[in-house]
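A.B. asks: Residue numbers (this note's numbering), protein chains in the order written: chain A, 1 to 424; chain B, 1001 to 1237.
These aren't lab readings, by the way, just hints derived from the structure by calculation.
If you're wondering where the values come from, they're calculated on a predicted model, not measured in any experiment.
C-beta: ideal position from N, C-alpha, C; glycine also.
Hints may be right or wrong, so weigh each one.
Claimed, not checked - Examples of chain B residues toward chain A, derived with CB under 7 Å:
| no. | residue |
| --- | --- |
| 1 | 1005 |
| 2 | 1115 |
| 3 | 1117 |
Stated by the list, open to error - Chain B is nowhere near these chain A residues, computed Cβ spacing over 10 Å in every case:
| no. | residue |
| --- | --- |
| 4 | 8 |
| 5 | 111 |
| 6 | 320 |
| 7 | 325 |
| 8 | 344 |
| 9 | 400 |
To be verified - Calculated cross-link-like contacts (lysine-lysine; reagent style BS3-like; alpha-carbon spacing at most 30 Å):
| no. | chain 1 | residue 1 | chain 2 | residue 2 |
| --- | --- | --- | --- | --- |
| 10 | B | 1010 | B | 1035 |
| 11 | B | 1146 | A | 3 |
| 12 | B | 1035 | A | 3 |
| 13 | B | 1226 | B | 1124 |
| 14 | B | 1164 | A | 3 |
| 15 | A | 3 | B | 1208 |
| 16 | B | 1035 | B | 1072 |
| 17 | A | 3 | B | 1223 |
| 18 | B | 1142 | B | 1125 |
| 19 | A | 67 | A | 3 |
| 20 | A | 3 | B | 1117 |
| 21 | B | 1180 | A | 3 |
| 22 | B | 1164 | B | 1142 |
| 23 | A | 3 | B | 1194 |
| 24 | B | 1180 | B | 1142 |
| 25 | B | 1124 | B | 1194 |
| 26 | B | 1027 | B | 1208 |
| 27 | B | 1143 | B | 1208 |
| 28 | A | 131 | A | 241 |
| 29 | A | 205 | A | 241 |
| 30 | B | 1143 | B | 1035 |
| 31 | B | 1223 | B | 1125 |
| 32 | A | 13 | B | 1180 |
| 33 | B | 1146 | B | 1027 |
| 34 | B | 1190 | B | 1208 |
| 35 | A | 167 | A | 153 |
| 36 | B | 1146 | B | 1035 |
| 37 | B | 1117 | B | 1226 |
| 38 | A | 165 | A | 131 |
| 39 | B | 1088 | B | 1164 |
| 40 | A | 131 | A | 167 |
Now for the letters of each chain:
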Amino acid sequence: MIKFLFYGILRDKNRSLLPIIIITIGVTLTILLSGFLKGIMGDIIDQNARFDTGHVKVMSRAYARDKDQLPNDLALLGVNEILDTLRSEFPKVQWVKRIRFGGLLDVPDSTGETRGQGPASGMALELFNRKSGEIERLNIESSLKQGLIPRKKGEAIIGSDFAEKLKIGIGDKVTYVGSTMNGSMTFMTFTISGTVKFGAASMDKGAIIIDISDAQQMLDMQDGAGELLGFLDEGVYDDEKAQQISHEFNQHYNDTADEFAPLMVPLRDQNNLASYLDYVDGFAALFVFVFVVAMSLVLWNTGLLGGLRRYQEYGIRLALGEDKGHIYRSMVLEAILIGAIGSVIGTIIGLLLTLYLQVYGIDIGSMMSNSTMMMPTVMRSRLTPSLFYLGFIPGLFAMVLGNMLSGIGIYKRETATLFKELEV
Amino acid sequence: MANENIITIKNLTKRFPVGNGEFTALKEINLGFEKGEFAGIVGPSGSGKTTLLNIIGSLDSPSEGQAIVMGKRISELSHKESAMLRNKYIGFIFQVYNLLPVYTVYENVEFSLILQKIGAPERKKMVMEALEWVGLQDMANKKPSKLSGGEGQRVAIARAMVKKPMIVLADEPTANLDAKNAHAIMQTMKNLNKELKTTFLFSTHDEKVMSYLDRIIYLDDGKVVKDEMITHKTESR
């Protein structure tokens, strides 16, 4: 019977072409929009993870509470020991220490007088420890616009826009003015070894990046760090895994009231990213739902018109001894076949378009010039395994639902009335 | 089954709702048909011929009285049982052939065998045999649109006969055919009637058809006005 129905679908273009086109368009759009949404949100999440949150982050409880103020006076101490523990307990996570700090950059002229100043958002990374993977993680090498990555103490790289604003270049000296973790003033002069452009306006306009050993010395934080960031080995954020690791770690410190005890926070609980993650899932589900409803309505209508056109066929089949239930079930089976064909075509086209947007993306750099949000300037889609089957949900469901609804009319019609359509 | 009625109609009345009233299409019909009969129901348009065939074919049910086909009371059958009765025992031939246009001649004839869940090798044998009966073995792969009127009706006969039904109901089967094709079609059906002992029941007002019938039942205004056995002068038919 399936072979028989399949021949009908292939040979009767009126029966199959329009529904296949509708399903193909719907499935293509579902996949493309879902992939694009996942790509954009994924990039935002990925960028936040690399620059700020990690997949999980360990801080002191007090630091975590006020972390927006970069309260290095509440930073973790004895971090090497904590890192050893983390590396042994969670070997499938790469752990790095970072210090974030804020202060003023002063640019002196040849006489030592100030010729320019600007507020700086500092980030201290394990630049000298190549095994940390920080240079690759933040893509510093390829983000360098000029110069080199710091190779010795006292060197720094700054955002390219920041460098332009301060009118400084490679080899120029800048003095950081800020406070240590103990609250006393601190000054340290750095030589600019390079300028970077990350494509994130907030970083490019005011960042200074130095090695963590310089920061520990400058901020009086020997064996201290504001944040210990963990990155899952797969390189992609896995919410379930991150929450599980955090839960396991935090259980050790459950019963302590010490506000300097370490606390692990997964990415979703930082920077309001939980709502972003939920938006991604929510919007993906919404796309599917909207397409299922819209396509079902169109296919219902198409099914009704097709059903009217095929009353003669149903009459003949009744006369040949097929019962109405069997005709109805064969309609549904036919809908599944058509839905599957449309879904396969739509999935292939959708995946190809998603791949194209993943490779080339859409440049929104000009729109982001004044933005302080940490988000990429090229919006790209992301090809994920779920996109390979996502389109089949609206594709199959809408077609079957549409045909089931239109078929009810035929099913309820009196046999003799249906049969009389033969004479029309 | 010899000399036993395979179709029995007892006091059958059929009414259809029309506006606020009713239209009586058949009034207290009493008839019986034996296995192997070659009979026709003759009458003007609106006399109730097609309604009677529809009830015998279990496509409709009586308002009053009984129609018993192959021992089954039509009024007591569910949709599924009606379909089974048609599928197993009844073949239909229509005025306008009503072949499924997207399927080939072979597939059109094969369809009712698929419904009976007969295996592919057996189906092929049966379809080719049916096409041989009507002389269309060479046209198995053609689409209905490529056939002449006579060929189309012969495919319809093959489709009705392929499952070797006990009863064939033919509603004005020659209405769209020229005289030559009409005679050829009737001769084919007459041969099958003799060979397979299938009961043929025609609805017609075509004299060409009537000349082949062994029994003619005249209907007028929903009533049987005459039930006549015909004796043919030559045995060629």
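A.B. asks: Are the hints correct? Go through all of them and say.
C.D. replies: Each hint tested on the structure:
Of the supplied interface hints, the one on residue 1005(B) is violated, with its beta-carbon coming no nearer than about 22 Å to a beta-carbon of chain A, more than 7 Å. The closest approach between the C-beta of residue 1115(B) and any C-beta of chain A is roughly 5 Å, which is under the 7 Å cut-off, so the hint is satisfied. Of the supplied interface hints, the one on residue 1117(B) is violated, with its beta-carbon coming no nearer than about 9 Å to a beta-carbon of chain A, more than 7 Å. The claim that residue 8(A) lies off the interface is violated: its Cβ sits roughly 5 Å from the closest Cβ of chain B, which falls inside the 10 Å cut-off.
Even its closest Cβ contact with chain B, about 93 Å, leaves residue 111(A) beyond 10 Å, as expected for a residue assigned away from the interface. The Cβ of residue 320(A) does not lie farther than 10 Å from every Cβ of chain B; its closest approach is about 5 Å, which violates its non-interface assignment. Distance to chain B contradicts residue 325(A) as a non-interface residue, since its nearest Cβ pair spans about 7 Å, not more than 10 Å. Under the 10 Å C-beta cut-off, the non-interface status given to residue 344(A) relative to chain B holds; the minimum distance is some 22 Å.
Consistency note on residue 400(A): stated as away from chain B, and its beta-carbon is indeed over 10 Å from all of that chain's, at 22 Å minimum. With a C-alpha separation of about 18 Å, the suggested pairing of residue 1010(B) with residue 1035(B) holds against the 30 Å cut-off. Distance restraint check for residue 1146(B) and residue 3(A): the Cα-Cα separation of roughly 23 Å lies within the 30 Å cut-off, and the hinted pair is therefore satisfied. In summary, the hint linking residue 1035(B) to residue 3(A) is not supported, as the alpha carbons are separated by about 36 Å, beyond the 30 Å threshold.
A C-alpha spacing of about 43 Å is found between residue 1226(B) and residue 1124(B), which places the hinted pair above 30 Å, so the restraint is violated. Taking the CA atoms of residue 1164(B) and residue 3(A), the gap is near 24 Å; set against the 30 Å cutoff, the hint holds. Under the criterion of a C-alpha separation no larger than 30 Å, the hint pairing residue 3(A) with residue 1208(B) is inconsistent with the structure, at around 41 Å. With a C-alpha separation of about 15 Å, the suggested pairing of residue 1035(B) with residue 1072(B) holds against the 30 Å cut-off.
Distance restraint check for residue 3(A) and residue 1223(B): the Cα-Cα separation of roughly 46 Å exceeds the 30 Å cut-off, and the hinted pair is therefore not satisfied. A threshold of 30 Å between alpha carbons decides the hint, and for residue 1142(B) with residue 1125(B) the separation of about 18 Å falls inside it, so the pair holds. Between residue 67(A) and residue 3(A) the alpha-carbon distance is near 65 Å, which puts this suggested pair outside the 30 Å criterion. Taken as a hint, the residue 3(A) and residue 1117(B) pair is honoured in the structure, with Cα atoms around 13 Å apart against an allowance of 30 Å.
Between residue 1180(B) and residue 3(A) the CA atoms are separated by roughly 38 Å; this puts the pair beyond 30 Å, and the hint is violated. Simply put, residue 1164(B) and residue 1142(B) have alpha-carbon atoms about 23 Å apart, close enough for the 30 Å limit, and the pair holds. Restraint check: the Cα-Cα separation between residue 3(A) and residue 1194(B) comes to about 36 Å, which exceeds 30 Å; the hinted pair is violated. The hinted pair formed by residue 1180(B) and residue 1142(B) meets the criterion: a straight-line CA distance of about 23 Å does not exceed 30 Å.
Between residue 1124(B) and residue 1194(B), the direct Cα distance comes to roughly 24 Å. Compliance with the 30 Å bound is thereby established for this hinted pair. A threshold of 30 Å between alpha carbons decides the hint, and for residue 1027(B) with residue 1208(B) the separation of about 28 Å falls inside it, so the pair holds. Taking the CA atoms of residue 1143(B) and residue 1208(B), the gap is about 29 Å. The hint holds against a cut of 30 Å. Between residue 131(A) and residue 241(A) the CA atoms are separated by roughly 24 Å; this keeps the pair inside 30 Å, and the hint holds.
Taking the CA atoms of residue 205(A) and residue 241(A), the gap is about 34 Å. The hint is violated against a cut of 30 Å. Distance restraint check for residue 1143(B) and residue 1035(B): the Cα-Cα separation of roughly 34 Å exceeds the 30 Å cut-off, and the hinted pair is therefore not satisfied. Under the criterion of a C-alpha separation no larger than 30 Å, the hint pairing residue 1223(B) with residue 1125(B) is inconsistent with the structure, at around 43 Å. Between residue 13(A) and residue 1180(B), the direct Cα distance comes to roughly 36 Å. Violation of the 30 Å bound is thereby established for this hinted pair.
As the CA atoms of residue 1146(B) and residue 1027(B) are separated by approximately 43 Å, the hinted pair breaks the 30 Å bound. Taking the CA atoms of residue 1190(B) and residue 1208(B), the gap is about 13 Å. The hint holds against a cut of 30 Å. With a C-alpha separation of about 23 Å, the suggested pair residue 167(A) and residue 153(A) falls inside the 30 Å cut-off, and the hint holds. Distance check on the hinted pair: residue 1146(B) and residue 1035(B) sit about 36 Å apart at the alpha-carbon level, beyond 30 Å; violated.
Proposed proximity of residue 1117(B) and residue 1226(B) is contradicted: the alpha carbons are some 42 Å apart, above 30 Å. Simply put, residue 165(A) and residue 131(A) have alpha-carbon atoms about 33 Å apart, too far for the 30 Å limit, and the pair is violated. With a C-alpha separation of about 9 Å, the suggested pairing of residue 1088(B) with residue 1164(B) holds against the 30 Å cut-off. Between the alpha carbons of residue 131(A) and residue 167(A) the distance comes to roughly 34 Å, so the proposed pair goes past 30 Å and is violated.
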